[in-house]
Amino acid sequence: MNWIVTILLALAVFFFAIGTIGILRLPDFYSRLHAAGKCDTLAATLAVSAIALYNLHDLSFGSILVSWKVFAIVFFIFMASPTATHAITKAALIVGVVPWHKKKGGRK
Amino acid sequence: MMSQVFLATTMALVLLIFLTLVRALGGPTVLDRIVGVNMIGTKTTVLLLLIGLIYEAMPMFIDIALAYALLNFIATIGACKFFRHSKQINLEDDLATEEEVSA
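Chains as they are written, first to last, in the numbering used here: chain A, 62 to 169; chain B, 4 to 106.
The shape of chain B in the complex, shown without the other chains (with noise of 0.2 Å):
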């Protein structure tokens, strides 16, 4: 019963991954890809976690969620210092689009 409950949790995170990688892939700005890649990576963990549960192999698969949480936490830190000082990110969102459009 409980190998059931996790593999729909598994399908959910899954699915909302995907939903994720949609603002990661076409964000406005570069930090707008930078969230949904963090975003991504935690629910990464999750999803390593509950994948232990159910190959039951809990031992091996924990040592990978932790290092995939710090690989996560260094990589955006490292993206935001190296972004912080460039001048190439596409500052216009949409909703400048839309004033423009609607003036």
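The shape of chain A in the complex, shown without the other chains (with noise of 0.2 Å):
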């Protein structure tokens, strides 16, 4: 069991790592919220799953409750991260962020 936690929050904490890295390197802002997007919640999936099953390493009723509502954590950001990046895209191209151009002048 810890060992599995172990993993979990490793690969929680690279995948984060990533999504930082991305934000913070690629050129344009839907290139960003793309590494924003993904990595944040993959992460934040593992991390909290993590939690969730360490903190059922005795099984009394109130570990279970509180491993019920980590579970409810769980599924609140892999519902609602996606929603709230598909908002800011949203955001962007109506007010209108120009989107990264490989040719020069390719921009309008």
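Watch out, some of these pointers could steer you wrong.
With a Cα cut of at most 20 Å, we get these calculated SDA-like pairs of lysine to any residue [to be verified]:
#: 1; chain 1: A; residue 1: Lys99; chain 2: A; residue 2: Ala148
#: 2; chain 1: A; residue 1: Lys130; chain 2: A; residue 2: His118
#: 3; chain 1: A; residue 1: Lys151; chain 2: B; residue 2: Gly30
#: 4; chain 1: A; residue 1: Lys99; chain 2: A; residue 2: Leu120
#: 5; chain 1: A; residue 1: Lys99; chain 2: A; residue 2: Leu87
#: 6; chain 1: A; residue 1: Lys151; chain 2: B; residue 2: Ala60
#: 7; chain 1: A; residue 1: Lys151; chain 2: A; residue 2: Ala96
#: 8; chain 1: A; residue 1: Lys99; chain 2: A; residue 2: Phe76
#: 9; chain 1: B; residue 1: Lys84; chain 2: A; residue 2: Leu72
#: 10; chain 1: A; residue 1: Lys99; chain 2: B; residue 2: Ala11
#: 11; chain 1: A; residue 1: Lys99; chain 2: B; residue 2: Val40
#: 12; chain 1: A; residue 1: Lys151; chain 2: B; residue 2: Arg87
#: 13; chain 1: A; residue 1: Lys99; chain 2: B; residue 2: Ile43
#: 14; chain 1: A; residue 1: Lys99; chain 2: A; residue 2: Leu85
#: 15; chain 1: B; residue 1: Lys84; chain 2: A; residue 2: Ile155
#: 16; chain 1: A; residue 1: Lys99; chain 2: B; residue 2: Ala27
#: 17; chain 1: A; residue 1: Lys151; chain 2: B; residue 2: Ile80
#: 18; chain 1: A; residue 1: Lys151; chain 2: B; residue 2: Ala82
#: 19; chain 1: A; residue 1: Lys99; chain 2: A; residue 2: Thr144
#: 20; chain 1: A; residue 1: Lys130; chain 2: B; residue 2: Leu69
#: 21; chain 1: A; residue 1: Lys130; chain 2: B; residue 2: Ala82
#: 22; chain 1: A; residue 1: Lys130; chain 2: B; residue 2: Glu59
#: 23; chain 1: A; residue 1: Lys130; chain 2: B; residue 2: Ala60
#: 24; chain 1: A; residue 1: Lys130; chain 2: B; residue 2: Pro62
#: 25; chain 1: A; residue 1: Lys130; chain 2: B; residue 2: Leu74
Because the hints were derived from the structure by calculation, they are not lab data.
Take the two lone chains and join them into the complex the hints point to.
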């Protein structure tokens, strides 16, 4: 059980680090949003699942209740983070943030 | 042994939060800042759960983390609805300034 929790937490930190590097290094707003949305959702799901799994090491009514709440957080993050990313993308498209082009004359 | 793992994960998350704060403070457009603040909020939710595990006060911190996740989502949606009709967004990203320098 402890090894599974450790591996899940290490994977979560790895994907958080990838998302942070992406949001710092990518050249465009939309590509930064791409890095932020996917890596953040996956890493938060992994980390919170690890915490819920560790919380179940003693099976009592209280720990089961707390783990159920933690899985509620997992479910909510899994629903809400792509929705927030979609809303930010739609706001950027309406406002008129220009996507990145490789050609120099391609920008409008 | 597991508390050391949780402590190491917490320290790595705090470091990553400070790295994300660079984008949230110095993003070229307002929407970049919104993305950075959203990422910081997601990391903070995980961080609150880890703090609850370290201090062994999980039933208290779980409610704080749940409320923080809800507030983060609502704040992002609200900021997007607010800046959707705004004309004040600085649309000049760093790519445009690079092109102006090269041209």
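Hint-by-hint comparison with the structure:
1. A:Lys99 with A:Ala148: Distance of about 15 Å is within 20 Å: holds.
2. A:Lys130 with A:His118: holds, 16 Å
3. A:Lys151 with B:Gly30: holds, 18 Å
4. A:Lys99 with A:Leu120: violated, 33 Å
5. A:Lys99 with A:Leu87: Measuring from Cα to Cα gives roughly 14 Å; hence the hint holds.
6. A:Lys151 with B:Ala60: Violated, at about 40 Å.
7. A:Lys151 with A:Ala96: Answer holds: A:Lys151 to A:Ala96 is near 17 Å, not above 20 Å.
8. A:Lys99 with A:Phe76: holds, 9 Å
9. B:Lys84 with A:Leu72: Violated, at about 34 Å.
10. A:Lys99 with B:Ala11: Violated. A:Lys99 to B:Ala11 sits at ~24 Å, over the 20 Å cutoff.
11. A:Lys99 with B:Val40: Within the cut-off at roughly 16 Å; holds.
12. A:Lys151 with B:Arg87: holds, 8 Å
13. A:Lys99 with B:Ile43: At roughly 14 Å apart (the allowed maximum being 20 Å), B:Ile43 and A:Lys99 satisfy the hint.
14. A:Lys99 with A:Leu85: Holds, at roughly 15 Å.
15. B:Lys84 with A:Ile155: holds, 11 Å
16. A:Lys99 with B:Ala27: holds, 18 Å
17. A:Lys151 with B:Ile80: The hint holds at about 11 Å.
18. A:Lys151 with B:Ala82: holds, 12 Å
19. A:Lys99 with A:Thr144: holds, 12 Å
20. A:Lys130 with B:Leu69: Judged against 20 Å, a Cα distance of about 8 Å means the pair holds.
21. A:Lys130 with B:Ala82: Given pair A:Lys130, B:Ala82 is violated - Cα atoms ~27 Å apart, limit 20 Å.
22. A:Lys130 with B:Glu59: The given pair, whose Cα atoms are some 16 Å apart, holds under the 20 Å limit.
23. A:Lys130 with B:Ala60: holds, 14 Å
24. A:Lys130 with B:Pro62: Between A:Lys130 and B:Pro62 the Cα gap is close to 9 Å, so the pair holds against 20 Å.
25. A:Lys130 with B:Leu74: holds, 16 Å
The structure shown violates the earlier hints numbered 4, 6, 9, 10 and 21.
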